[in-house]
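From first to last, the protein sequence lines are chains A and B.
Under the UniProt record's numbering, the first residue of the first sequence carries the number 1, and numbering increases by one thereafter.
Under the UniProt record's numbering, the first residue of the second sequence carries the number 1, and numbering increases by one thereafter.
These are computed hints drawn from the structure, not numbers from a lab.
Glycine included, every Cβ here is placed at the ideal spot set by N, Cα and C.
In silico EDC-like cross-links for lysine to aspartate or glutamate, where the CA-CA straight-line distance does not exceed 20 Å:
| id | chain 1 | residue 1 | chain 2 | residue 2 |
| --- | --- | --- | --- | --- |
| 1 | A | LYS244 | B | GLU356 |
| 2 | B | LYS386 | B | ASP340 |
| 3 | A | LYS92 | A | GLU168 |
| 4 | A | LYS280 | B | GLU327 |
| 5 | A | LYS243 | B | GLU356 |
| 6 | A | LYS293 | B | ASP182 |
| 7 | B | LYS298 | B | GLU467 |
| 8 | A | LYS93 | A | GLU120 |
| 9 | A | LYS280 | B | GLU356 |
| 10 | A | LYS293 | B | GLU356 |
| 11 | B | LYS220 | B | GLU12 |
| 12 | A | LYS243 | B | GLU360 |
| 13 | A | LYS293 | B | GLU187 |
Which residues of chain A face chain B? A partial, calculated answer using Cβ under 8 Å:
| id | residue |
| --- | --- |
| 14 | ALA31 |
| 15 | THR35 |
| 16 | LYS195 |
| 17 | HIS202 |
| 18 | LEU292 |
Some chain B residues flagged as far from chain A (calculated, every beta-carbon gap over 12 Å):
| id | residue |
| --- | --- |
| 19 | TRP69 |
| 20 | GLU117 |
| 21 | HIS221 |
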Amino acid sequence: MSTVPPPEKLFASPADAAERLEGVGYLTDAATATTVYLAAALGKPLLLEGPAGVGKTELAKAVAAATESALVRLQCYEGLDEARALYEWNYKKQLLRIQAGAGDGAQEWDAVHDDIFTEEFLLTRPLLTAIRRSEPTVLLIDEVDKTDVEVEGLLLEVLSDFQVTIPEMGTVSAVRRPFVVLTSNATRELSEAIKRRCLYLHLDYPDAERELAIITSRVPEIRAALAEELVRLVATLRGLELKKSPSIAESVDWAETLIALGTQDLDADAIRQTLGVVLKHASDHDRVIRELKLDRV
Amino acid sequence: MGLVERHVDFVEALRRAGMPVSLAEDLDAVRAVTAVGLADREALRAAYAATVVKRPMHRAAFDTLFDLWFPAVSGGPRIPDARDEEAQDGGRGPDAPPAGVPDDGAALGNFRDRLAEQLEQGSEADLAALAAEAVGRFGPVRGRGPGQQAWSAYTVMSRVQPEQLVEQLLQALIAQPGESLDAVVRERAMRTAARRFTELVEAEVRRLTAEERGEEHVAKHSVRPSIEQIDFLRARRADLDAMRREIYPLARRLATRLAREHHSTRRGSLDFRRTVRASVGTGGVPVVTHHRPRRPHKPELVVLCDVSGSVAPFAQFTLGLVFALREQFTKVRAFTFVDDVTEVTDVFRPGGDLAETMTELSARARYAALWGRTSYGRAFTKFVEKYPDAIGPRTSLLVLGDARSNYGDLGLPHLRTMVGAAKHAWLINPEAKTMWDTGDSAVSAFAEILQVAECRNLAQLSEFVHELT
Chain A
1 MSTVPPPEKL FASPADAAER LEGVGYLTDA ATATTVYLAA ALGKPLLLEG
51 PAGVGKTELA KAVAAATESA LVRLQCYEGL DEARALYEWN YKKQLLRIQA
101 GAGDGAQEWD AVHDDIFTEE FLLTRPLLTA IRRSEPTVLL IDEVDKTDVE
151 VEGLLLEVLS DFQVTIPEMG TVSAVRRPFV VLTSNATREL SEAIKRRCLY
201 LHLDYPDAER ELAIITSRVP EIRAALAEEL VRLVATLRGL ELKKSPSIAE
251 SVDWAETLIA LGTQDLDADA IRQTLGVVLK HASDHDRVIR ELKLDRV
Chain B
1 MGLVERHVDF VEALRRAGMP VSLAEDLDAV RAVTAVGLAD REALRAAYAA
51 TVVKRPMHRA AFDTLFDLWF PAVSGGPRIP DARDEEAQDG GRGPDAPPAG
101 VPDDGAALGN FRDRLAEQLE QGSEADLAAL AAEAVGRFGP VRGRGPGQQA
151 WSAYTVMSRV QPEQLVEQLL QALIAQPGES LDAVVRERAM RTAARRFTEL
201 VEAEVRRLTA EERGEEHVAK HSVRPSIEQI DFLRARRADL DAMRREIYPL
251 ARRLATRLAR EHHSTRRGSL DFRRTVRASV GTGGVPVVTH HRPRRPHKPE
301 LVVLCDVSGS VAPFAQFTLG LVFALREQFT KVRAFTFVDD VTEVTDVFRP
351 GGDLAETMTE LSARARYAAL WGRTSYGRAF TKFVEKYPDA IGPRTSLLVL
401 GDARSNYGDL GLPHLRTMVG AAKHAWLINP EAKTMWDTGD SAVSAFAEIL
451 QVAECRNLAQ LSEFVHELT
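Could you build the full structure based on these sequences and the hints that come with them?
Here it is in structure tokens:
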């Protein structure tokens, strides 16, 4: 049996989590703070799902910053394999080692053959790195829905037992349990097995109050009235059944654009000119102009 | 009821509502609840949500059940009494009768004034308080048994009429000169608030009913299945809206899934240059071979869609999904019929807006009817006449409809011609299997010619589209 260390006390309480995340510039709501606290307290991986641009990756970074942990990131993509996620043998170095020992006779062979599968020739990739670190670590497995199903199987071992089996070396267990965050845009349904091992949080667009706070903290130059107007407008856009609803990232972009252009008031003209910052589909564009009656002003 | 029992009961109710809560998750939930404690209800909700709800689709049902098992307040109806002293004429004071004033016109007027105010700028908490009050004042109806109290959201809604309030407020808005943009934004906000008020009223009715008759009873009768599981033909208006919003995400999920599957099975001819180039790293030994991607298989699609009244919502979704998935097919031609056939392919513009397309489709649907009574026979005859070259050897033919042809001619020879020309052919039926071949349903007659698939909800629909491509 593996000896995985018990979960660490990263946060004292949900309120403490909220406060410390806010301290590093990430404003949470109660549910997010509670879930982050629980993930740390129970030592379970945290699966974050939700539309693009609502701050899933940011949350992982914020947890790392708030707990003074290092962030180890595994960016997932189609075709990601064990060699890039877990570990790889350094072939070139192994080859050199063999060549360096060549010619010394047969008795050398045994030594070499045990030699080339040791620590020295191991290239650790994010998953193994995170497990072997003795300092506090946040492991971010980003966009896990982009991987193939086989990688999920690989993750299962890592996530449930915090251990990795390397055939040539044996099983490597975690020295210290990392705080694991998985993010997903839900382009693919993840397997039940993964979900069962994780705490689940669906991050959605924030309510008006929190969005206002986020915008004013990211773009401090913005006037309160303009920010309020912007938040109300973004909320309206999200209600319009667009192909791609504006995310927090995009409303922050919008605020920055307005500041850069020196716009004082969010009137129809200003909106029409800057709509491209928040909407990324031509049909959405037309739709908004029509629904908000921007063409009639 | 002890805490452990309450937990077990709650988890049982979640399972009955269709959430697959495993034992591992059940234990996690207990640990999580222990970790956050019971003092903060929202933290408790978050703890449960994080451990037992793993799909966003289940969230609505979860919240309903959570509110039932862990209500924010307990006890009877909540009517604030001190504050409306001045409103109640005569000022009967705090001991005014708490319930049984549904016909008090003054109270209703006063209440609607306050609601109108909150619809404009109310917070969630204000709306919730108003909803609780509305149920207390206008919601009591006589229970089934003697001395039993019951509550009705319907009664509340028909008396308070928040929708109508919104209309009134809008009238006032339009009368004001000024920016139309502001008006649009405020209109949206008000409509959302009115919808939220309705939800809150329903929640309060559930809570009161649970007080009276137990959580189990309410859970059994009022938790709606997730929208993936709702029958097209039985969906309520709000469900239909929610389902329509689900089409794009659904199409996107399906498209990625299809693309991925095509990729994973691709292994075309050997790409010699890439293989040789890659072999340099291994001293000229081609350890890894590279292959050219295989051409993706993309079927052509002809959709023949029954748009008569009974299956209209179904037609909307299927056409919507086909539209959203257009990139997965080389060519899509869509036709609508009742007893005549019209082509609507041109409505499916690339990059077009889904909602707009749907509106246009329903506007066009009336051309599909000559007499207005569904006739599969006439539709097929007309189709063969008007579009003899629509179906080719690479075409998948989809007939969408309930196969109810008013006991008329089924035009089977023509259908046979069509099916014979196509590569595959399906009839997709939105009715439950148990309804097939009852009344004027002619499923088995069609089933001899083409494959029939049951497709009652979004889940089945997406499964079917996946099979198809």
